[in-house]
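Trainee: Residue numbers (my numbering), protein chains in the order written: chain A, 49 to 177; chain B, 77 to 694.
No lab work stands behind these hints, which were simulated from the structure alone. Small disclaimer: the values here were computed from a predicted structure and weren't measured. Be careful, since some hints might not be right.
Stated by the list, open to error - Straight-line alpha carbon distances no greater than 20 Å define the calculated SDA-like cross-link-like pairs of lysine to any residue that follow:
no. : chain 1 : residue 1 : chain 2 : residue 2
1   : B       : K587      : B       : F478
2   : B       : K447      : A       : A132
3   : A       : K67       : B       : E472
4   : A       : K139      : A       : I125
5   : A       : K103      : B       : F452
6   : A       : K67       : B       : F478
7   : B       : K517      : B       : F632
Residues per chain, in single letters:
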Amino acid sequence: MTKRILLIDDEPDITFTIKDILEDNGFQVDSFNDPILALNSYKSNFYDLVILDIKMPKMDGFELYTKMRENDPKVKICFFTAIAMFTEEIKKSLRALGKTIDKDYFIQKPIRIEVLIKKITLIMNKNKE
Amino acid sequence: MRYDRDFFFKKRKEIGIISVVVIIISSFSLFFYQQNITEQNVKNSIFAQYKDRQIESTQAISEHISSDLKLLKSILEGIADSSLLQQGLLYGDRIDKMMQEKFSEINNVTKVDTIFIADKDDIVSYEIVSEGTRRFINIDLSFREYIQETKNTLRSTFSDGFKGIDNIERIALAVPIVNSSSGEFMGIVGAKIPTESFFSIYGNIQDINSQFLVVSDKKGTLLAVGADKTLVGKNFFGEFVQNFTNHNPILMNLTQNLLQGIPGYAIYDYGRGERLTTSVPIFIQGKPFYFIQIVTPTTTIYSEINNVLFEEKLTMFSLIGGIIAAITALIIVLIKWNSILNNEVKKRTKELQESNREIALANEELKVHDKMQKEFINVAAHELRTPIMPIIGLSELLYNKFVNKNENNLKQETLKEYLQTLVRNAYRLQKLVEDILDVTKIESRIFRLNTELFDLNEVISNVVTDFENIIKNKNSKVQILYKPNRNKIFVNADKTRLTQVISNILDNSLKFTDEGFIIITTRITTKEKDDKDNKVIVIIKDTGLGIDNEILPRLFTKFVTKSNQGTGLGLFIVKKIIEAHGGEIWAQNNSNGIGSTFYFTLPIVKTSEIVIDSDNFL
Chain A
49 MTKRILLIDD EPDITFTIKD ILEDNGFQVD SFNDPILALN SYKSNFYDLV
99 ILDIKMPKMD GFELYTKMRE NDPKVKICFF TAIAMFTEEI KKSLRALGKT
149 IDKDYFIQKP IRIEVLIKKI TLIMNKNKE
Chain B
77 MRYDRDFFFK KRKEIGIISV VVIIISSFSL FFYQQNITEQ NVKNSIFAQY
127 KDRQIESTQA ISEHISSDLK LLKSILEGIA DSSLLQQGLL YGDRIDKMMQ
177 EKFSEINNVT KVDTIFIADK DDIVSYEIVS EGTRRFINID LSFREYIQET
227 KNTLRSTFSD GFKGIDNIER IALAVPIVNS SSGEFMGIVG AKIPTESFFS
277 IYGNIQDINS QFLVVSDKKG TLLAVGADKT LVGKNFFGEF VQNFTNHNPI
327 LMNLTQNLLQ GIPGYAIYDY GRGERLTTSV PIFIQGKPFY FIQIVTPTTT
377 IYSEINNVLF EEKLTMFSLI GGIIAAITAL IIVLIKWNSI LNNEVKKRTK
427 ELQESNREIA LANEELKVHD KMQKEFINVA AHELRTPIMP IIGLSELLYN
477 KFVNKNENNL KQETLKEYLQ TLVRNAYRLQ KLVEDILDVT KIESRIFRLN
527 TELFDLNEVI SNVVTDFENI IKNKNSKVQI LYKPNRNKIF VNADKTRLTQ
577 VISNILDNSL KFTDEGFIII TTRITTKEKD DKDNKVIVII KDTGLGIDNE
627 ILPRLFTKFV TKSNQGTGLG LFIVKKIIEA HGGEIWAQNN SNGIGSTFYF
677 TLPIVKTSEI VIDSDNFL
């Protein structure tokens, strides 16, 4: 069964690129540049994986994460970001979130296609939380 | 404590002066106190010295008188032993001749007014007298005590005082003429001495107010008195003299002792001022015949002492004065030195505080800089990585499709879109790299302008032309309105940088303006008086979203952005470029609520100053 992925990133060039890459690798991808719009049109129990950018205007990735979890507690969500991993900024946001997230769920931009697919596959194969 | 220290610190000059005064006063008090004690000691000691000297001099005078009288005695004895008198010749020309010689010989030494020769029955046979003295030849002298004594003892005898018919007080010396072979008494050779003229040789017998001489005989008869002439011939113990001395017991005691042969001294006052009197007997051949007293008014002693003391005081005063002057000078120098040191310490402390403050400030700046640096790295990292993702992703995707999977059926449109995205992100990356390099240059203060003289109109026109092309390509509904200024706007500036400035501002306006206008105008303000006020204001007004009020105060600082794209470095760089040119930049939202306006100024070069022969401007 084709895995469904939701991709949210404020950069159209990123969503365009990643969507094509993932589709080329056999995933079904929906993408949004506006996090609010993405949240409003979110379908629960539909996606196998949600990929979230962190730094976005209007609503950042962590807030979006929280909101999505409220709607869909079981969905796998990973972060896809260009900011340095586990900087003070991210640690602070995680503390605010009151949750520890495995570092496997963080994917660093930019990333080679091969590595990206491996990471996504790894996350999808992880046991349900 | 602190207050006290400040008080002393502020008043140190006054304290210094007061200490000097206190030192002077206490020095002088101590000096006067010591002076009084020592003065009395010195007075006493000088007085004692004076007294001792007077005793010595009295002794010396006594010996002098004694030796003169002995000389007289030996001359008379010579006469008595002369061959003429030994032959029994007691008068006549030969005697006269010899006596004339002897008389003048004697009067060369002392004062004698009569020399006489008496026979064995005491009848004067010969007499030689000084001028003005009465002669008594053939008179009988046997009533004179000293004649009798001489005759009885056959020894030379000094008489007590007696008064002659002429009322002159005299003493006499009688030498017996004794036959040298038979021992028979043959007569007497005698000399009469007027006491006042005789003793005046040895001291003052005139003036009571200075040191004077008193001489008396064994009975106390006064032979010469400096105190008063009327006392001469009077007995000291008699009523007359005692009334004169007011029966002074000290003087009485002194005189009684003296007449018993005991020398001494006394200080007393019988109503005519304090006197120091020293008394010594005049011994002749071991027997006291006469008695001498030297009387000194102590005022003359004290005046001498005072003179000495005054000189001493003067010396002491100048010594103390010198010491005080030296101490004062030292204190002044110390105060001065102290004040110099204080100032130096103050200066150094201030410098230290200043440098501490600077260090703290620098430290603070460093912290801020450090924080900004971290923030910059974070933002820069994010912004640099973001465009790389499509570049890597799409180029790998294309590679996979064309090389690995050998897909040749890729849609022309998709391929075009891939390539456009690749180019766009590559440019975005390039722009970003340039901005970051600019910021780095600005912050490390190595930002330099390559200035040249040009017309600002040209630069604006070029940028506007570029943007019109961009707008056309984007199918944007924005229109740029620009009409170059009628006057040439000469600026001495960096052309590339100003192009960057105008591009950045236009880019910014375009980002927030979906439709409407971007209007560019230039205005020249000229004041002949002050060249600094010769400037151009470039105004870029748009009809876009306007500037977020939250952003507005920080608009030109780093990383401030409201757009989906961008580092927030553009306007920061713009501001730094304008400021480097000596201009200003600011922005505001339009009063009608639609869009915002950016203003920047640049100093312009006056047209009159431009060398026209340059080809560029013809």
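Trainee: Taking the hints in turn, state whether each one holds.
Mentor: Against the structure, the hints come out as follows:
Between K587 of chain B and F478 of chain B, the direct Cα distance comes to roughly 36 Å. Violation of the 20 Å bound is thereby established for this hinted pair. Taking the CA atoms of K447 of chain B and A132 of chain A, the gap is about 16 Å. The hint holds against a cut of 20 Å. Between K67 of chain A and E472 of chain B the alpha-carbon distance is near 14 Å, which keeps this suggested pair within the 20 Å criterion. Between K139 of chain A and I125 of chain A the alpha-carbon distance is near 17 Å, which keeps this suggested pair within the 20 Å criterion.
Distance check on the hinted pair: K103 of chain A and F452 of chain B sit about 15 Å apart at the alpha-carbon level, within 20 Å; holds. Note on K67 of chain A and F478 of chain B: the hinted pairing holds, with a Cα-Cα distance of about 18 Å set against a maximum of 20 Å. With a C-alpha separation of about 17 Å, the suggested pairing of K517 of chain B with F632 of chain B holds against the 20 Å cut-off.
The structure fails to meet hint 1 from the earlier list, while all remaining hints are met.
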